[in-house]
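I would like the entire structure built from these sequences, with the hints used as guidance.
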Amino acid sequence: MRWHPKGYGGKRRDPEQVKRDGWREQRLLAVSLDDERLTWPERELVRQLGERLYGPTQDEGRETR
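For our numbering, add 59 to where a residue sits in the sequence shown, where the first one is 1.
Calculated from the structure, these hints are not laboratory results. From the three backbone atoms N, C-alpha and C, an ideal C-beta is built for every residue, glycine too. Wrong hints could be hidden among the right ones.
[Unchecked claim] Computed beta-carbon distance windows for the label pairs:
no.: 1; residue 1: P100; residue 2: K70; range: 17 to 25 Å
no.: 2; residue 1: G66; residue 2: P100; range: 16 to 24 Å
no.: 3; residue 1: L87; residue 2: Y67; range: 31 to 39 Å
no.: 4; residue 1: G109; residue 2: V77; range: 37 to 45 Å
no.: 5; residue 1: D118; residue 2: K65; range: 32 to 40 Å
no.: 6; residue 1: Y113; residue 2: P74; range: 35 to 43 Å
no.: 7; residue 1: A89; residue 2: Q117; range: 12 to 20 Å
no.: 8; residue 1: R96; residue 2: G69; range: 24 to 32 Å
If you want it as structure tokens, here you go:
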């Protein structure tokens, strides 16, 4: 079958391209706390935003602060 609906078949985008497109097209940001491109204060800000919007992570109970 040579014809396929949009979004099916063809070339698959890598995850970084999906994140980039999501930011540019929908103003949606997906960030990993383990992203080495971020400084510690940036990671901390992302962590705090995530906790405020979605609550603590599952491994939060294992951390000692």
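Run through the hints listed earlier and report the numbers of any the structure violates, in increasing order.
Numbers 1, 2, 3, 4 and 6, in rising order.
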